[in-house]
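**Student:** Sequence:
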Amino acid sequence: MWFKSFIVIFHRKYDIPYGDGFSHARPAILVNDNWKLISNTHNLNDLYSYFHNIYQSNRSKLPEDINWDFPDKIGKQIKLVSGSDPKSTYFRYPVSSNETQDLKESIVQKESLESMAENSKASGKPFKAFVYVDSDYNVQESYNLDASPLTDILIALKELNDFFKRVHVAFRVKLTNGN
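Everything in the sequence shown is counted per the working numbering, starting at 11 for the first residue and increasing by one.
Please keep in mind that the hints were generated in silico from the structure rather than gathered at the bench.
Some hints could be false.
Stated by the list, open to error - Think about it this way: if two alpha-carbon atoms lie no more than 16 Å apart in a straight line, the pair counts; the simulated EDC-like pairs of lysine to aspartate or glutamate are:
id : residue 1 : residue 2
1  : K86       : E169
2  : K71       : E128
3  : K120      : E151
4  : K138      : E128
5  : K184      : D75
6  : K46       : D30
7  : K135      : D156
8  : K135      : E124
9  : K86       : D56
10 : K89       : E124
11 : K175      : D162
12 : K89       : D156
13 : K175      : D79
14 : K14       : E74
15 : K83       : D172
16 : K86       : D162
17 : K120      : D172
18 : K83       : D162
19 : K138      : D156
20 : K184      : D56
21 : K138      : E151
22 : K138      : E124
23 : K138      : E121
24 : K89       : E169
25 : K83       : D156
Could you put together the complete structure from these sequences and hints?
**Tutor:** Quick look at the structure:
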């Protein structure tokens, strides 16, 4: 949502025209040489790329009393998040249209007890598991209840959100007088 807000702010502040059929009332972004309604665009990389283009094109117009530089890692973090969730459904909806991807992203992952025990010993942290056993208590399946295949993505999301929250405040104060 930050990028959608930034895009609208830039278009209004610097009178940047939208493509044919689009306006301040119907904002859009340019994706692969096609204008797409901003409300129908959820791909983080598409939104960031468009924002970054208009940001760079209008950077010289920004007030000089703020450092408007973005850390180099921002683009990499956007690609990391977008690459794992190109439709931006995982973090907006509990289930996507891709069951295989949902299983990969689940915090509950199938894993052997041996592997969980080795990881626990190496890290010094306990683990939580769900174990299916047969009538003789032989382990049939085991699931790690604390697996987080998204650790890097979640860290990137938090850092991106924290950074762009501050950027949004700066844009609102400096470019729209708080409106």
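**Student:** Which of the numbered hints are not met once you compare them with the structure shown?
**Tutor:** Structure breaks hints 2, 10, 11, 12, 14, 17, 20 and 25.
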